[in-house]
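**Student:** In case you want the letters, here they are:
Number of protein chains: 2
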Amino acid sequence: MTGFAVDPWRLSWQGADLDHLDRAESAFALANGHLGLRGSLDEGEPVGLPGTYLNGFYEEHALPYAEAGYGYPEAGQTVVNVTDGKIIRLLVEDEPLDMRYGQTLEHRRTLDFRTGILSRETDWESPTGKRVRVRSQRLVSFTQRAIAAIRYEVEPLPDERGTKRVQLVVQSDLLANEPIESHTRDPRVALALKSPLAGEFHWSENTRAVLVHQTRESGLRMAAAMDHELEANEGLRTEIACEDDLARLTAAVDVEIGEVLRLTKYIGYGWSSTRSAPALRAQVEAALAGARQTGWDGLVAEQREYLDDFWEVADVEIDGDEELQQALRLGLFHILQAGARGESRAIPGKGLTGPGYDGHAFWDTETFVLPVLTYTVPDAARDALGWRHSTIDLAKERARVLGKAGAAFPWRSINGQECSAYWPAGTAAFHVSADIADAVARYHAATQDADFDRAQGTELLVETARLWASLGHHDPHDGFRIDGITGPDEYTAVVDNNIYTNLMAQKNLDEAADACDRNPDVAEQLGVSTTEVTAWRDAAAKMRVPYDELLGVHPQAEGFTEHEEWDFEGTPDDHYPLLLNYPYFDLYRKQVVKQADLVLALHLRGDAFTLDQKARDFAYYEARTVRDSSLSAGTQSVVAAECGHMDLAYAYLAEAALTDLYDLHSNVRNGLHMASLAGAWQAVVAGLGGMRDHGGELTFAPRLPDALERVSFRMCFRGSRIQVEIARDTATYRLIAGDPVRTAHHGEAITIDTDLTLAIPAAPDYPTPTPPAGREPRRRSKAGSTPPS
Amino acid sequence: MTGFAVDPWRLSWQGADLDHLDRAESAFALANGHLGLRGSLDEGEPVGLPGTYLNGFYEEHALPYAEAGYGYPEAGQTVVNVTDGKIIRLLVEDEPLDMRYGQTLEHRRTLDFRTGILSRETDWESPTGKRVRVRSQRLVSFTQRAIAAIRYEVEPLPDERGTKRVQLVVQSDLLANEPIESHTRDPRVALALKSPLAGEFHWSENTRAVLVHQTRESGLRMAAAMDHELEANEGLRTEIACEDDLARLTAAVDVEIGEVLRLTKYIGYGWSSTRSAPALRAQVEAALAGARQTGWDGLVAEQREYLDDFWEVADVEIDGDEELQQALRLGLFHILQAGARGESRAIPGKGLTGPGYDGHAFWDTETFVLPVLTYTVPDAARDALGWRHSTIDLAKERARVLGKAGAAFPWRSINGQECSAYWPAGTAAFHVSADIADAVARYHAATQDADFDRAQGTELLVETARLWASLGHHDPHDGFRIDGITGPDEYTAVVDNNIYTNLMAQKNLDEAADACDRNPDVAEQLGVSTTEVTAWRDAAAKMRVPYDELLGVHPQAEGFTEHEEWDFEGTPDDHYPLLLNYPYFDLYRKQVVKQADLVLALHLRGDAFTLDQKARDFAYYEARTVRDSSLSAGTQSVVAAECGHMDLAYAYLAEAALTDLYDLHSNVRNGLHMASLAGAWQAVVAGLGGMRDHGGELTFAPRLPDALERVSFRMCFRGSRIQVEIARDTATYRLIAGDPVRTAHHGEAITIDTDLTLAIPAAPDYPTPTPPAGREPRRRSKAGSTPPS
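Here the protein sequences line up with chains W and H, keeping their order. For the record, in the first sequence the residue sitting at position 590 is 589 according to numbering that gives the first Met the number 0, with numbers rising by one throughout. For the record, in the second sequence the residue sitting at position 644 is 643 according to numbering that gives the first Met the number 0, with numbers rising by one throughout.
Pulled out of the complex, with its shape left as it was, chain W reads as follows (with noise of 0.2 Å):
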């Protein structure tokens, strides 16, 4: 049981189940990419795990070494939970509304994919036999990033005394420095942080409060800001008051049985590495008068009319499997808040759902998350890449200090400066900046942004061109190799010639000519000659790919596949994820992977294998990755679908869907896995669609899984608006917007300009190929009323 109801449009959870709060916390969690609340109680507390984030907002640490070494990056950053702007008290009769005691009669929460709000309703009995009805409405606003606003309204309800009415106190807080525990040594967990805001200034009047805050070492500026409106019968008393950490509004009634205490709150934030306190006082409350002036009303009508428009370009349909279907809109609901509005910013591994990862932005938001973007949301996408080319000084310093040309964008961060700790796995994944001009080319491919080509796009593939150029030779022995690197998979480093990062930078060197010939003159000011474009052309064209003659497949690096087994028969489940329990030494010898590395080769350079070479790759692989990451499961289902494994390929698509509901990886606590929701998009429309984007080409090869009846997706491609819909033996394309659409169904080039139904042809015929034991994807039952095992 994931505890979400089922239910295609919104995820709701029923019943307190105070036990399971970090989980919902995370899966309720509003943002709009700028703004994020975790979606805990409005009263505060009980509380999972407390979080109000500010994209790019962190604070500053050193990081230790025991042996230290040149080159390693001096200073971490943890995102901080920022003062907590949505929290509203309500004291019934003195007695505290806290779901720990008392009696909750009724208790129901709601996340609404097309409306975005987040509504609870509760009823609540307190410890004295007082009961009260608290409804409230949550949204983080799409339309005005700095805005978050609640609407919350409390009605006695009839008890068995004959109560006729009942005095309500509700406080409305801005809170600072709120106290997080933290007793974990997973390296995955942020950093605890202790009161990481210095007050700077506080201020409040009539119902209206400010506080600005200033982290202690990385000394960036903050502000939060509340107003209210309140509505109530006669004799409403209110007060404000403010300190450092803490502004207050306290409201008290006396309310009879079936009225309403109304009271809604907006929230305004910002911060600025440069602004004074003034400056951003009067901007939070600016914003503030902004959405005061909209109104509740009006932000909700913003935000409905908002999604609408995004579900038109970005939804996604399946007959045959409810769950899924709920867990797919959850997906791109959430990925839309994480990128909708960063503008300036990245967009971290969790989004702003949670602290997981310290708040970094990683490979995977390229990589998984900015496909989905680029195909439904492509602003969003183009600021995500802004924000890589806001950094792009940083990474060519850090390509300096380790000896490199061009640019290497860093393995984590919240502000492009390297903050990775161990080098193996972080410094030596240079992927990083092929993944980042993958996107780049991605995104120019569907948009056509030629003004984006030229400002940043351009740059970003020359200087990560530039990267690879100088961390790759020419070889007497066989071509251009990549040594002493790390791919995708965790459970390998520092190897020669991963094929994945030598396609995916012999794609880079391509790009990034490709860029210089579309714009001469950039090129020039870039100081690209001739000679090394050629360069690149050649390195390109004689990029290593090693090869197993033996065996008949290709090794993730090189000698890969000569290394020893793992012995999977003698791991027990516990002993996932492995690296919690394995050393890396271990770890990285022998032929275990953590998440697909030469499968993601496949996918993402299709174009370079054939489907026999990608069938045997695959069948070898799927033998020997145990999925510990949540990177994993979608690239196997868009894989698994073309060598014509569907059940495989549905197996993974719903794995990588339902991670988080069902907190697969027991982390969910510290916030959703935004590529992993990345993932499951890509395997409905990569996998069971088919869609490539090879050298900018837009195709399709649709098939359906046997348990499924119909899937549908819908996506935009240089400012057209599609439909695939995919029946059992047949696919519908329809133009919903724009001009018609050039692609390809399995191979057969065709126009999209009117409903165009076209039969699917057999699937590949390869035998099916086995996880390791015990790694099978998930199981569960259709409904989602079986646990997975």
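These are computed hints drawn from the structure, not numbers from a lab. Each hint should be verified, as a subset may be incorrect.
If you want a taste of the chain W side facing chain H, the calculated C-beta under 10 Å gives, among others [as the list claims (entries may be wrong)]:
{"#": "1", "residue": "Pro-63"}
{"#": "2", "residue": "Pro-178"}
{"#": "3", "residue": "Asp-314"}
{"#": "4", "residue": "Asp-495"}
{"#": "5", "residue": "Pro-582"}
Partner residues are not named here, just some residues of chain H that face chain W (Cβ under 8 Å, in silico) [what the hints assert, rightly or not]:
{"#": "6", "residue": "Phe-309"}
{"#": "7", "residue": "Trp-310"}
{"#": "8", "residue": "Ala-420"}
As the structure is a prediction and not an experimental result, all values here were calculated from the model. Glycine is no exception: its CB is placed at the ideal position from the N, C-alpha and C atoms.
Once you have looked at the hints, place chain H on chain W.
**Tutor:** The following block gives chain H in isolation, referenced to the frame of chain W:
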């Protein structure tokens, strides 16, 4: 200029030269393997780096990780500068003798390799014009391992004012927790501990005092005690006092010009992890009683006798290079000091001459130092291997944590627990276990010590063989592989089939099988089955040794010869050592070698290569080896000599021997490089002498470089003592004591029973290889009058 005067049997330093005190302190360090005193001035200040060490006595500290991992060691160990007992301060008419003030008229310090005594003569004039002559002699007893002794004499000298008598006050201290300053980020330097010793007991009476301390974290306990004999004219007043960190005998007397105040100080040390303070106090007082019973003259006589015996079996004579002659004897003296009385403790990388590498022992003890001891003081080699054996349970536990069978000995440690915080250059360097096995096999072959073989040797061989059997695997492609480990070269890490490691593991497996054949009952106790022995033999037989057919050389590990070349031309001189100026990732992925790795295999497993292969491989690696490690020159010398490059062999021999006297690695402040000193011996004996011991057979192939006129060395083998004397065209073998020795001269079997003079065949004629630009052997004139470039 080294600063040291050239003399065949002494090292002396003339003049004050206070800027180089730390170098002299290391070179003048006295030790017996149990107790070590750096060669600081008697009066304690000025001082380069104070240091008094007890072998095995360490403090523990947490190892921090910004990103932790399974199996990472949590506790580090650092050698403690224990209570300093060698301080004797002098007040001359209330002016403290301090060579930074007043005027030093004469100053000379001399370490005599035959007496084992460090002497000092200083004529000093105080700021107010009083003159004194201070003579001190210091020894750390080889025969009474807990004891150091100092004879200290002060003689007032005539001054210009006609002074008749001078008031002298001598303070003799035991001083704990001396302050040590450290401001370096060099990872090779020891952690600076602040006040590691907590006072537990202090006592003084008459001329005797005892201090007992305990370390704060590791909980080890130590005691230091002193007693004194005073000789002076009438009027001598003494008093003694003590507190937690200080005990002080004060002696005051007026001394006539030409008369002498003589103080003899006996210092006793003891430490234990289990014994109580009273027990330790009793132990050091007993040691003092013994020393006083022997008396100063007796200690001096015992020391001389011990050293006479040592030089009879160990002396190396060089005709034609006085500086080299001196350096080789200094090296032998220090190796003896490091290992003589270590008994159940390790021989640290710096011996007991300084705190470098935190006082840890590494593989170089077994690979470089123990061969010297095996062939000169075999009991010391046995004791050092006994230390390894005493830690075998820790090594087995470490193997278990790493998921391996057998015993995985630590990369660096004081007490046997792994202290390496950077696994690619620590844990992964499994060859340390094969190096220990190699040392066991060498000791056994050279001594036929059956007791050791049964009680310790076989178990060490068996448990290390088990490690290799579980680390490697039979691969369907080709043979038995050992993947993902790190060989000796620290500029390459985590590689497959490092040839050095594979060949040493091969020998380890065969030696274990041989030992089980020799001692079937021991094998049975260790649970060794016939199947297991067969598996060892099989793995050894199929051990993979990669070869580059295109280049016709052995790659150091799989793929090495395909890697990018290092840009030596573009590397400025001040960018060495490279590890302080380039990231590991880039060093690891290129063809740059810190220290002999494949070349070390050419020496230690020379039986696995033809001479042609050796010549080609040596030339290839010679062009890529930068010698940023002090472990390299000796080995390069050995293999150069075998390949007939006698001048190069001589140059590397000189570099190895003079590494510390010239401070070529700019860190002799932290202690002498025992393995480099031992490498110089290897360069003479295995290089010029061509001594090999493959398969336990002793063979020679002597040959002189042009620059030398005659070289002679001595060694013991199976209880016999022999001398090998190399002239230009002939070599003479001489039996000094014991039974005739069967050996070979340039491949011809001989028996040394009487003097045997044989012709030296012509050297092989291969082209002389070239080291990387700027990394040629350090040049110097033969007489040492010119500094190295």
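**Student:** Does each hint hold? Answer for all of them.
**Tutor:** Hints and how they fare:
no.	hint	in the structure
1	Pro-63	holds (4 Å)
2	Pro-178	violated (24 Å)
3	Asp-314	violated (40 Å)
4	Asp-495	holds (5 Å)
5	Pro-582	holds (4 Å)
6	Phe-309	violated (37 Å)
7	Trp-310	violated (40 Å)
8	Ala-420	holds (3 Å)
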